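K.L.:
Given next are the chains, with one letter for each unit.
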Amino acid sequence: QKEVEQDPGPLSVPEGAIVSLNCTYSNSAFQYFMWYRQYSRKGPELLMYTYSSGNKEDGRFTAQVDKSSKYISLFIRDSQPSDSATYLCAPAYMEYGNKLVFGAGTILRVKS
Amino acid sequence: DTEVTQTPKHLVMGMTNKKSLKCEQHMGHRAMYWYKQKAKKPPELMFVYSYEKLSINESVPSRFSPECPNSSLLNLHLHALQPEDSALYLCASSRGTGELFFGEGSRLTVL
Chain D
1 QKEVEQDPGP LSVPEGAIVS LNCTYSNSAF QYFMWYRQYS RKGPELLMYT YSSGNKEDGR
61 FTAQVDKSSK YISLFIRDSQ PSDSATYLCA PAYMEYGNKL VFGAGTILRV KS
Chain A
1 DTEVTQTPKH LVMGMTNKKS LKCEQHMGHR AMYWYKQKAK KPPELMFVYS YEKLSINESV
61 PSRFSPECPN SSLLNLHLHA LQPEDSALYL CASSRGTGEL FFGEGSRLTV L
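From first to last, the protein sequence lines stand for chains D and A. Counted the way the numbering used here counts, the first sequence spans residues 1 to 112. Counted the way the numbering used here counts, the second sequence spans residues 1 to 111.
These are computed hints drawn from the structure, not numbers from a lab. Given the structure is predicted, the values throughout are model-derived calculations rather than measurements. Cβ atoms here follow ideal geometry from the backbone N, Cα and C, with glycine treated the same way. Among the hints, erroneous ones may be present.
[Stated by the list, open to error] Restraint-style ranges between C-beta atoms, simulated for each label pair:
no.: 1; chain 1: D; residue 1: Lys56; chain 2: A; residue 2: Met27; range: 18 to 24 Å
no.: 2; chain 1: A; residue 1: Glu67; chain 2: D; residue 2: Glu15; range: 43 to 49 Å
no.: 3; chain 1: A; residue 1: Leu111; chain 2: D; residue 2: Pro8; range: 25 to 31 Å
no.: 4; chain 1: D; residue 1: Ser52; chain 2: A; residue 2: Thr5; range: 29 to 35 Å
no.: 5; chain 1: D; residue 1: Gln80; chain 2: A; residue 2: Asn70; range: 38 to 44 Å
no.: 6; chain 1: A; residue 1: Gln82; chain 2: D; residue 2: Lys56; range: 40 to 46 Å
no.: 7; chain 1: D; residue 1: Gln80; chain 2: A; residue 2: Asn57; range: 36 to 42 Å
no.: 8; chain 1: D; residue 1: Asn55; chain 2: A; residue 2: Arg63; range: 40 to 46 Å
no.: 9; chain 1: D; residue 1: Lys2; chain 2: A; residue 2: Ala80; range: 30 to 36 Å
no.: 10; chain 1: A; residue 1: Thr16; chain 2: D; residue 2: Pro10; range: 35 to 41 Å
no.: 11; chain 1: D; residue 1: Ser40; chain 2: A; residue 2: Glu3; range: 17 to 23 Å
no.: 12; chain 1: A; residue 1: Gly98; chain 2: D; residue 2: Lys2; range: 19 to 25 Å
Required output: the full structure, derived from the provided sequences and hints.
P.N.:
As C-alpha cells, this is what we get:
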C-alpha cells in the first residue's frame with residue numbers, strides 16, 4: 001500500500017465548475033498537509049498549507065484535512081482555464097528535515 | 001520573497017561529463033532539498049540538508065554528489081550519469097517545519 005494515494009485523472013470540467021481533488025494516506029505521523037500546483041515543465045507551486053485537521057480557505061481554494069479518516073481534500077470554486085494543471089497533495093512529517101511525500105498528482109483540465 | 005533560484009534551467013551532458021546544478025535561496029531557510037522528477041510522475045526525494053549537514057540520503061547512486069557550501073546555497077554535482085538520469089531536478093527549501101518552496105527546476109538530458 002502506498003503511503004499516499006491520489007487518483008491521477010485526468011479530470012475534465014467546464015469553466016465555472018466546483019472541482020474536488022482528494023487524497024488518502026496511511027501514515028499517522030503526517031502532521032502537515034500541503035497542496036501544490038504544477039504547470040507543465042515548471043516547478044511545483046505551493047497552493048495551500050494546513051497543520052493538523054480542519055479547513056483553510058484562500059480565495060477560490062479550500063483545503064480540508066480529516067486526520068481521523070486520513071483524508072485530504074482541495075476544492076476549487078469557479079474554476080478557470082488557468083487552473084488547468086497537475087495538483088499534487090503532499091502530507092509531511094518531521095524527520096531530520098521536512099519529510100514530504102507526494103501523491104501521484106491529479107491532472108485537471110478546465111474547458112472554456 | 002519566496003524564491004528559490006536554480007541554474008542552469010537546461011543542461012545537456014554526455015555520460016562522461018562532469019557538471020553541477022546550483023540552487024540559491026535567501027529566505028533564511030535552514031533546510032534544503034533535492035528532488036528528481038520524471039515525466040508524468042511526482043517528485044522523488046533525493047537529499048535533505050538540515051543546518052548545512054546532510055540529514056537524508058534516499059539511497060541515491062554515488063554519481064550524484066550533493067554539497068551545501070553555506071545556508072543559502074545547494075549544489076548537485078553530476079558525474080558519469082546514465083541516460084535514465086534524464087529528468088527535472090528540483091531544489092526546495094523550508095523553515096524547520098512547514099511549507100517547502102520549490103524552484104523552477106533544472107531540466108537535465110543525458111546523451
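K.L.:
For every hint, state whether the structure bears it out.
P.N.:
Now for the hints, and whether the structure bears them out:
Between D:Lys56 and A:Met27 the beta carbons are some 21 Å apart, a value that agrees with the proposed interval 18 to 24 Å. At about 47 Å, the CB distance of A:Glu67 to D:Glu15 agrees with the hint of 43 to 49 Å. In this structure, A:Leu111 and D:Pro8 meet the distance hint of 25 to 31 Å, their C-beta atoms being roughly 30 Å apart. A hinted range of 29 to 35 Å holds for the C-beta pair D:Ser52 and A:Thr5, which are about 32 Å apart.
Here the CB-CB span from D:Gln80 to A:Asn70 is close to 41 Å, well matched to the stated 38 to 44 Å. As the Cβ distance of A:Gln82 to D:Lys56 is approximately 42 Å, the hint placing it in 40 to 46 Å holds. The hinted window of 36 to 42 Å between D:Gln80 and A:Asn57 holds, with their beta carbons roughly 41 Å apart. A hinted range of 40 to 46 Å for the beta carbons of D:Asn55 and A:Arg63 is consistent with their spacing of about 45 Å.
Roughly 32 Å separates the CB atoms of D:Lys2 and A:Ala80, a value that falls within the hinted 30 to 36 Å. Checking the proposed 35 to 41 Å range against A:Thr16 and D:Pro10 shows it holds: the Cβ atoms sit about 40 Å from each other. For the pair D:Ser40 and A:Glu3, the supplied restraint of 17 to 23 Å holds, since their beta-carbon distance comes to about 21 Å. Distance hint for A:Gly98 and D:Lys2: a CB-CB separation of about 24 Å, consistent with the stated range 19 to 25 Å.
Violated hints for the displayed structure: none, as all numbered hints are satisfied.
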